[in-house]
Structure formats: C-alpha cells, structure tokens
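Chains as they are written, first to last, in the working numbering: chain D, 1 to 35; chain Z, 1 to 474.
Because the hints were derived from the structure by calculation, they are not lab data.
Please note that a few of the clues may not be correct.
As the list claims (entries may be wrong) - Pair by pair, the computed Cβ-Cβ distance ranges are:
id	chain 1	residue 1	chain 2	residue 2	range
1	D	3	Z	169	18 to 28 Å
2	D	24	Z	172	34 to 44 Å
3	D	3	Z	171	15 to 25 Å
4	Z	105	D	11	41 to 51 Å
5	D	10	Z	337	44 to 54 Å
6	D	11	Z	121	18 to 28 Å
7	Z	195	D	15	46 to 56 Å
This one's a predicted model, so the numbers in the text were calculated from it and none came from an experiment.
No residue lacks a Cβ here, since even glycine has one placed at the ideal position from N, Cα and C.
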Amino acid sequence: MTLAGWIFLVVSWLVILLLFAFSLYRTLRSKDDSR
Amino acid sequence: MIPYFVALFLLGLPLMWIEWTIGRFGGGFGHSTAPGMFHTLWEKNKFIKYFGVIGIFGPIVIFIYYIYIESWLLGYSFFALFGKYNACTTEQTMSAFLQGYQGLVHNEHFNGIGIAYLFFLLTFLANIVIIYLGISKGIERVCEYGLPILFVFAIIIMVRVLSLGAPDPAKPDWNVVNGLGYLWNPQWSALKDAKVWLAAAGQIFFTLSCGIGVILTYASYLTKNDDVALSGLTASATNEFAEVILGGSIVIPAAFAFFGPVAINEIALGGAFNLGFVTMPLVLQKMAFGNILGFMWFMLLFIAGVTSSISLAQPAVAFLEDEFNLSRKQATLILAIAGFILCQPAIFFLGKGAVDEMDFWGGTFCLVLFATIETILFGWVFGMDKAWTEMHVGSDITIPRIYRFIIKYITPAFLLFILGFWFSQEWIPTILLRNVPAENFWFIIGVRLMLVGFFVVLVFMVWHVWKRRRRAQL
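Modelling step: build the complete structure from the supplied sequences, incorporating the hints.
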C-alpha cells in the first residue's frame, strides 16, 4: 500500500467516523431534549 | 474511491436531504408516495403526478428480483453452517455450485431449482409477514434487533480479516494491507474515465437508497417539526460507516490476501454475484471456523437484505392504503399476489437475462431519472428559498450554506450529465436489444412487456385516484 493510499484511507475513515459520531451524538441529544 | 466520495458529497448527501424534506412536506398533506408529493410541490402541473409513478414502479421492480437474490443468502447461510459447499475449493467448482443452485445446470450439487425455490418461498413469506405487521411492529422491530446484530457480525468478521496478515507464507505480498491498498491507492489516470464516475454515482444511489422513492415514504411519517437535516446526515453517515469502514475492510482485502493481485482484478470484473456467492464462500472456507463465519456472513447479509426489501415494498403498500383507503391487510395481500406473480420471471428466466433487464430499468434507469426529476422540482420549481427554509424546519443542525448552491446547480448538472452520457453510450443499444443474445430475445421482450404493463396499471391507478378526488371536490 502506498503512502498516498494510507493518507487517503486514514483521512476518509476519520471523516466518516467524525460524521457518524457527530450525527449520533446530536440525534441522541435531541431525543433526550424531546423527553 | 475518489469519485465515490465526490459522488457522496455532491449527489448522495444532497439527495438525502431533498428526499427527507419532500417526504415530510408531502406527508403533511396526507401523501406518502411520490405521485401525491410531486403534485403538492407543483399543483399547477397536471402531469407531474404521473412522473411520481416512477417512485412506486422502481422500488417494486427492484423488489421482485432483489427478494430472490436475498433468498440465496438465506440458502447459503445454511449451506455454510452444514458444510454443503465444503467440497468446492476452486472458483470453477464454487461457480458450478452456484449455477446448480440457480437451476441453470444439473450437477452433483443440485438436481434442479427446487431448493432455491424453497428458500425463495421462505424469504417471500418472511417479507410479507413483516410488511403486514406494519412500520412500528414490523419494519422498526426488525431494524431495532437486526441492525445491531448486523454490526456485531460485521465487526467480528472485520477483526478476523484484518488479523489475517499473509495467509500463505510463500507469498508474503498477498496480504491484507496490500488488499486495502488495492482499494485505497489513488489511481489518478482512472479519474479521466467517465465510466468510473458513473459507476461511483450508481453505487451511491444504491447504497443510500436515493432516487428510489423509499425515503419519501418513510419521511412522510414524520411530523412537521421532526428533524430532516439531521436524519438525512445520520442515515448517510451510518451507511458510510457500514459500507466503507466495515464492508471495505472485509471482502476485497480478504479476497486479495487469498487469491492475489492478478485474480482480484478478474474477481472485481466478475460482478457482485461472483464476489458474493463464489469468492466469499471460498475466502471464508480458508479461515479457521470458516463454517461459522460463513453462516454469520450470509445471515448478516440476509438481515440487511430483509431491511431493504421490506422498504422497497413500502411505497406500493402506502400508495394502496392512502390513495385507495385500503386496510394494511388488504394492501399487503394485493402486494403479495402481484409481487409473487412478478417474481416468477426473475426465478425461472434468470439464465435468460431477466434479472439484468429488470436491474437496468428498475435499479439503474429509474433511479437516475427519478432523482433528476425530484432535484429539479425541489430546487427550481418549489424554489430554493422555500426549499432551504423547509429543510431547516425543526432542525437541530444547520446545513452548510454551500449546499444551497450544490442542490440548485451541481446535483442536477451531475444527474443530467449521467443521463446524457448513458443516452449517448448505452441507451440506444439497450433499447434496441443490440447486446441481447438471439436465444434470449423473446424472453427479454416478455420481461419488457411485463414491466410496461405494470407501469401502465400504476399510471391508470393514479389517474383514477385524481379523477375520484376531483369528483369528490365538485
């Protein structure tokens, strides 16, 4: 695997994980608020 | 992967927000399918509701072949558990096993299509029962338990694959890291190839269920202040986590580690059937506890498949319930009878190209056409100011402002480019059946007539509903 491949993989995974964590956190928070 | 991510941010995410918003907006007027929703967005246009028929037709066409392929997953999960394909250790023998199961050939593994048909009946029945139970008791319950199981299974298999290293010490380059490299090393020259961009866009459509009509129906059940911006983002992010991080770390890296850099190209070109039902059983067999992992893998995909197929049926059921005032039981019964009849060509004419034909019209053409229509309707007819305000009603997040520009200009331009490219490259040979072998010609004509007939019936039903509504208003 090339260096460019590693960079692409790490950046993509980070973006997806951040989006996933952010959306999950906000969804759970808004559920709590609605209670 | 670069075109894939570009398509995700320029097509996938905008379409998710568009569909969630149109769905909730239309639901507010008592419509849960595209004909009524499109009419609500553009009341002055008498014909726009007929374009909405694609949002019922497309998912049902996908449903009728998807449910058969889904039943193979159930079958293979049992075959893996009981070691029925353990004797198949090469691509050729595993292909023969698959062809025997599909009833395409008679061989030592299968003596006809009987076993495949039995698993189809079980899968079809399971789907109908879940659809009959409705959204909260059926679909939500399946997803509530099914999706966490799916994630746990996927994480176990991912850990197993990533710890494989180089399975054959004599071939140290055939390892999982290089398998990841096959997927992630950027190939800059491929960016000039339009077909790569089209394939990436197609993948985004299918994976996010955009342009099908399913999201419209689900979103119609939301209330006015439910958050569509966050829901669209959460659905996309969760899907990307499952597809790119979990899925992308299992199939291709494992296949690369066991079969090497030359064979992986042939496997990738062989298509999804070969990858799923020939390569993956072979890969899983080569691992410790292969039968258990094989069972988990196919059961995982089966659960994922069920959540998709019940969604695909939902627009048709909702259309019958809302526009014809039928009960859930009556609507499900009509779907079951019509769906069962329509499924038969996919089962018995698989070898004649019936599934490929349905996939082209239902799973490719309709998706892009429907997405183009709804994007233009949303950004240009409904108007970007109203659309942007509607997207943010009840929203816990603010969508980046750049998406105003993307939704209005970039997404429709991207979609029109795809339609234009296909029209110039593929549609004419496809419409004229130039790539169909002579022996399959009449089978494909038969499938097309069936699809046209089904579409005409849906158009007539929409016409009838609006005629009745007009009379009631007078």
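A quick look at each hint next to the structure:
Look at residue 3 (chain D) against residue 169 (chain Z): about 26 Å separates their beta carbons, and that is inside 18 to 28 Å. Under the hint 34 to 44 Å, the C-beta atoms of residue 24 (chain D) and residue 172 (chain Z), about 39 Å apart, fit the expected range. Range check, residue 3 (chain D) to residue 171 (chain Z): Cβ separation about 23 Å, and the 15 to 25 Å hint holds. Separated by about 47 Å at the C-beta atoms, residue 105 (chain Z) and residue 11 (chain D) satisfy the suggested range of 41 to 51 Å.
In this structure, residue 10 (chain D) and residue 337 (chain Z) meet the distance hint of 44 to 54 Å, their C-beta atoms being roughly 52 Å apart. Remark: the range hint 18 to 28 Å for residue 11 (chain D) to residue 121 (chain Z) is contradicted by a beta-carbon distance near 47 Å. The supplied range of 46 to 56 Å is broken by residue 195 (chain Z) and residue 15 (chain D), whose beta-carbon atoms lie about 26 Å from each other.
In summary, the numbered hints that this structure violates are 6 and 7.
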